[in-house]
Structures are given as C-alpha cells and as structure tokens.
Amino acid sequence: MNPVWRWFHQLGSPPYFYRFATRWMPWFGLSALVLSVIGLYLGMAKAPADYLQGDSFRIIYIHVPAAWMSMFIYVAMAVNGAIALIWRIKLSELLFLACAPIGAMFTAVTLITGMLWGKPTWGAYWVWDARLTSELVLLFLYFGVIGLASAYDDVRQGARAAAVLGLVGVVNVPIIHFSVKWWNTLHQGETIRIMGKSSIDSSMLWPLLIMALATKLYFVFALLLRARGMLLEQERNKQWVREVLSPPQIAGGRS
Amino acid sequence: MSALRPYHALLARDLRLAFRRRADLLLPLGFAVLVVLLFGIALGGTPERLAPVSAPVIWVTVLLAGFLSLDGLFRPDVDDGTLDQWLAGPTSIVGLMYAKALAHWLLYGVGLTLSTPLLAMLLNLPAELLPVMLIALGIGTLGATQIGIVAAALTARLRRSGILLALIVMPLYLPLLIFGSGAVDAVRLGESPKAALLLLAAQTVLLLTLAPPAAAAALRIGSDNPP
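These protein sequence lines map, in sequence, to chains A and B. When the first sequence is numbered by the working numbering, its final residue is 255 and no position is left out of the sequence of numbers. When the second sequence is numbered by the working numbering, its final residue is 227 and no position is left out of the sequence of numbers.
Bear in mind the hints are in silico, worked out from the structure with no lab data behind them. Note that the Cβ used here is the ideal one computed from N, Cα and C, for glycine as well. Be a bit skeptical, because a hint or two may be false.
Computed spacing ranges between beta-carbons, pair by pair [what the hints assert, rightly or not]:
1) A:Leu-232 <-> B:Gln-85: 38 to 46 Å
2) B:Arg-20 <-> A:Ser-13: 30 to 38 Å
3) A:Arg-236 <-> B:Leu-17: 39 to 47 Å
Pulled a few chain B residues facing chain A out of the computed Cβ check, cut under 10 Å [what the hints assert, rightly or not]:
4) Val-35
5) Leu-38
6) Gly-40
7) Ile-41
8) Ile-163
9) Val-205
10) Leu-208
11) Ala-211
12) Ala-215
13) Ala-218
Just chain B, same shape as in the assembly (with noise of 0.2 Å):
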C-alpha cells in the first residue's frame, strides 16, 4: 500500500484542489447546457427535429466540454514547480499520469456523464436511448481523458496552447466518437449496441496502456535539454 503512497496523495490533492473551487468544477457544465441551448434554438427546437440529432450533439457537447479542462490540467504544476519536483524525484512519471489521468476522469467524464439526464431531457433524447448513452459516455470520456492528458503535457510548459490542443486532440477523439455515437444509432436502429460498446471500451483498454507512458514522456522532453 505504501508503494501507491505518492499517487494517492496526488489523486487525492487533485480532487480536493477541485472540490475546494467548485465553481470551476461547474463551468463544463454550464458550457454544454450553452451548446445544447445553441444547437437547440438552431434547429428551431421542435422535438421531431431535435430527437433524431441529439444523441451526436450530446456526443460532441461532452467531449467539446471535457477538451476544455485540458488546457489547465498541468499549468498549475509548471507554474509552482511541482513538475520538477516529480521529475526530479523518484517517483514513477508513469504511475503520476495515472493518478492525474483517474482524478481528471472523476472529475469531468463522470461529472459530464452524470449530467447527460440533463442534457438529454432539453434535447428530446428518446429514453429508450439514455441507458446506452451512458454506458458509451462513462466509457468514451475514459479514453477521452486519456487522449486528453498527451496533448495536455505535450503543450504544458506552452505560454498559449488552446488552439493547439485542439488541432493534436480532436482528430484522435474521432474513434472514440464513431463508436460512441454508434452504439446509440445502434440502439436507435433496433440492433444490439454491444459490436459497438466492446469496440469503443477496447480502444479506451488501449488508450489506458499507451497514453500514460506518452504523456510521462512528454512531460520529460520539456524539461531538460539531454546532452
């Protein structure tokens, strides 16, 4: 237990650093139920017209939201020099991005997922789909995150990066999208989601491997220049 003592701790200081600013918690919130609005007043907001495209609006508004937390997931650690704290010391880079990558994932995929009912309800979504939608967005938003945490410290020691994050990650979200919103088109259809939900939860199984590493190695590259 105590060789997963460091990884607790920021775990447990990444939560208590959101809870203590719960507004900022909020803002992903706050901005889907925006997008939602927008689209919703777009598309006149006739139920007929909304129900066939609110499960993909949803789909885009979640991970649109999630992107947006990005940007400050290691700012703070640059500024105060935690990073190079973690660097220099003994501790796992690998094992960090874990514990950063579970405390971002807690924080807004579930947050999100948890606030799709909402959403869902303001677009029409049909019920039948809502089960389906959450099992795809509390997968999806997993690998999102993880995706998620490379871009955030490939461009951590950037003065501006929000651009710039977007082009590295929106691309790579593609595939999580396509499963994600298929397994409800799926259910939509009349067929069973599970082709899709396995498809999507084996690339978020692969993300987990891949992505930590790379972003341990990405936070190292800025660093230091190697001899």
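With the rest of the complex left out, here is chain A (with noise of 0.2 Å):
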C-alpha cells in the first residue's frame, strides 16, 4: 500500500490518532505562539500607519486571519463531515464536532474586530454591509451545527445529524454570500488578491500573511486538542485508553 495512505488508514484508529495528536500538539501550538507574535510585533510596530485610516487599519492583523480561517474552517468542517457521512469514519465525527467551535470563535472575532474598526472608519457599530453580515449568518449556521450536535443524546448520532447540517450549509454559504452581496455593499474592495497584484504595501502585508499562517496553526494546535479529549472520552471503555491514562507500573521497581 502507498505509504500515505496507508498513515491516513492508521490516522483513523483511535490511539494511533492520540499518540499522533500528542506527539505533534505542542509544536503546533509553539509555532502559532511565536509567528502571531512575530506578526503582531511587525504589524502593530512595524508596519506604517495607512495613510487614510491611520492606526486603526492595524486591526486587520486580528480581522482578516479571523475571516480568512472563519470560512476556511466551515469548508474543514464540512469536509469532516461528508467523510464522517460517507465512510463512517469515528474520527471523522469527532473532527468535525472539534472543528465547530473553533470556527465559531473565529468568527466572532471577525465579528467583533470588524464592529471595533467600523466604529472609527463608518462612524457606527455595526454596518449592514455584505461581509459583515454573511459572517454574523455564518456565526449562526456554526451555532446551529452545535446545538444540533448537542441537542442529540447519542454523541454519534448527534454529529451525523449535524453533518448533514454541515453539508447543507456548506451548499448554502456561496448562495448566501453573494445574495448578500447583491442585496447590498458599501464594504471597501478586497485589497489582497491571490492573482495578481496586491494594493497592498509589502511591509503591510507580510505580518498579515504571517497572522494567517499562525491562526493556521492554531487551528490544527486547537483542532488536535479538542480531539483527542473528545476521543479520551468517547473510548473511555477502552482497554488503550485505560493505558494512556494509567501508566503501568515498572516492572522490578522499588515498592
């Protein structure tokens, strides 16, 4: 069997999965640490003042990260979920149910710093303009899939109702951005593009990037995290769970 599948096979049993989770958790969250701090003191110090919005443009190091992975982790999500529909796949599950509040936060970050920018750049709070409203329906869709989840009895039973929902929102996301969009916009363009040339200034924008990558990171670092304490609790019952959390004893050891 090709190697990588045969990881992906084995990343799916449970306590192959938690040594994975444990043995790799640390260095994701160290990293995520050390690159938002490098990006925050470059982006909050560095960088120039925009010559328009002054200071206050430096909350996008915060804002933009958090939308970026606030629409990234619906997708992780969703994708969880088809494999937790299609394959049945017990992690996938738990992946999935992870993924759900670590969206969430993201997305009332996004949410909040865009409230806290609006005030000095709109002069109000909030603003019904297209992407701060799909981002509040997306915090919605993220709270439904949650309490769908935690609305079941059966932890199992409730993640694949849920992922049902997941997909159904995933479907729907597009729909509901660009209907918004349509509906109404007053938000300035986007100034970072994939293709083609940024409007953005490189000092600018390289702790941005630099914020995307962390919040990347952290996601895994939380993602891991989440799992592994779901999956400890799951398989309680579990001989290997029992050997994870009680270590034996050495043998010939003094008493």
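Combine the two chains into a complex, taking the hints into account.
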C-alpha cells in the first residue's frame, strides 16, 4: 500500500491518532504562538500607518486572518462531515465536532474586530454591509451545527445529524454570500488578491500573511487538543485509554 | 402510475389529515394576522408609515408562520412508528420526502400566499405591488418548505426542537428573503422584478433538487446505529 494512504488509514485508528496528536500538538501550538508574536510585532510596531485610516487599520492583522479562518474552518468541518457520513469514520465525526466551536470563535472574533474597526471608520459599530452580514449568518450556521449536535443524547448520532446540516450549510454559504452581496454593499474592495498585484504594500502585507499562517497552525493545535479530549471521553471504556490514563507500573521497581 | 402510488398515498394522507383538523390549518393564518396586528400597532397605524414597510413585514410574517408548522411535520410519524416502517420498507425515502414537501407547501405555502391579500389590506400595501408579492411568495414558500423539511427531518427524533429549529432554518431562509422582497422592492422603485424573481426561482429549483435527498439522509441517521 502507498505509504501516504497507509498513514491515513492508521490515523483513523483512535490509539494511533491519540499518539499522533500528543506528539505533534505542542509543535503546532508553539509555532502558532511564535508566529503570532512576530506577526503582531511587525504589524503593530513596524508596519507604517495607513495614509487614510491611520493606526486603526492595524486591526486587520487580527480581523482578516480570523475572517479567512472562519470560512476555511467551515469548509474543513464540512469535509470531515462528508467523510464521516460516507465512510463512517469515527474519528472524522470527532474532528467535525471539534471544528465547530473553533470556527465559531474565529467568526465571533471577526465580527467583534470588524465592529471595532467600523466605529472610527464608518462611524457606527454595525453597518449592514455584505461581508459583515454574511459573517453574522455564518456564526448562526455554526451555532446551528453546535446546537444540533448537542441536542442528541447519542454523540455519534448528533455528529452525523450535524454533519448533514454542515453539508447543507456549505452548499448555502456561497449562495448566502452572493445574495447578501447583491442585496447591499458598501464595504471597501478586497485588498489582497491571490492572482495579480495586491493593492497593499509589502511591509503591511508580510505581517498579515504571517498572522494567516499563525491562525492556521493555531487551528490545527486547537483541533488536535479538542479531538484528543473527546476521543478519550468517547473511548473511555477501551483498553488503550486505560493504559494511557494510568501508566503501567515499572516492573521490578522499588515498591 | 402504480410506481407512484406510495407517494400519492402519502400526499393524500397528509392532506386528508390536515383537513380533518381544520382548526390547526387556520392557526398559521391566525398567527400571521396577529404578527401583522402587532406591527401595525407598533408602527402607529398610519398608512404613510405602514406602506413602505408592508412588503418586508408580510414576507417575514409568512416565513415565520410557515416555520411554526415545521415542528409537527414528522413528529406524528415518529411517534406512531410510521417513520420506522418507511425506513424498513422498499419505498424510496427521497420520493416520500417529495410527497411530504408537496403536501406541506400546498397546505401552508399556498394557503399563506392566498391569504396575503388580507395581510396586504391590513398593512396598506400599495395595490400595484400585490401581484408581484403573490408570485414571489408562491415561489419563495416552495423553497422555504424544502429548507423546512431538512430541518424538521434533522430534529424529528428530538423531544424538544423549537428554538433549535429556528436556529437551523432562519439563516438558510435569508437568500429567499433577499430575492423575494427584492422583487417587490424592484416594482416599488419602478423597475422590472424579473431578475430577482428568476434568481428566487433558481434557488427554489436548487432546493427542490437537493433538499429532499438531504432530508431522507437526515431521517436515516436517527433510525439506527450503523455498524
């Protein structure tokens, strides 16, 4: 078997995943921390102030990465949900469930920082602009997934029901986004483009990209942390969990 | 024709059950009139203030009234074991979902759309907006029903689902609401409502394609623990 595929199959096994998560989690967490310190320092202290918005533009170093993550995590969640529904991999159900609160957190951060930025820039905390509105709807989509999953007594049933809702949501997110955009827009145009020239200076861009990477690493860290905890809870009656939680006595040790 | 019999039977059963309890059938209309009453009083009741907001208020009222009927969509079938019989039987659940959705739309979507002239009268909706309002509501409620059956199927086996159902359904209603009230707004501003209506219809077609299979998948989840 192809080694990559074999690794994937192994990852589906709870004890293997537990060991994998325990080993790699600190590295993801640490690199996220280091990168966000660097990114925030460059963004807050080194990058020049915007000629139009002054220092208030600096909130984009939190706002924009959080906004990217809020959508990225929804897709990651839906992919896990699809895997859970199609191949019935228990671990994917857990990863699906673990994604939702992290995504909701990033969505909330996006909304709060967007509102704080809106006050000096637009003169109001809340403006019914297309992107803020679709972020708010996204937050409620996350709440729906979390609420549905926790309404079921059986964790696995709840996860699968919520996964169906997640897939319905992922079909709807673009529709909601474009319909809200059609409905109204007075947001400033997107300043970063993957293709073509960005309309942002590189001294302002680099901290943003570093922060984007830091939030991605943090997501993996938080995902592994949550999934690991949920895995222990769900498999609490299995032998491997007992071994993990109570390390075997060292044979021949002093008593 | 005989291949369609189970679906036809389900449709006929749902309609017959609804007509045996006519009072229940009138409840959404009563709710809609009450909401309109509250809005009318809160807005001061003067035609100048009511007319500009009447179309959006009617839209929201109709969506809310239709939403109220969702909780009971699958509950009786779960309670008396009909649902388990469907899942065990050879009939396509997706087909049954289409029958269920059609029955729900005929009872509540069409019913509420037909009662719109009454709501429009109470809210002083300008007369020239009524035709486009009826067309948009007719299409929009069909789409809303599709969203509704998915949410109802997801919560069918839960003991309490009221607020949760709202949390699931409302964000998904948003695009329908945008184009539905957008079409009415276009006429109010003297433009053609065609673009908004076509986009509304496109969404409804998409929902008609995707929602019943999703509802069928959702019903299967609660039924058993797969190996």
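Item checked: Contradicted hints - numbers only -> 2, 4, 5, 6, 7, 9 and 10
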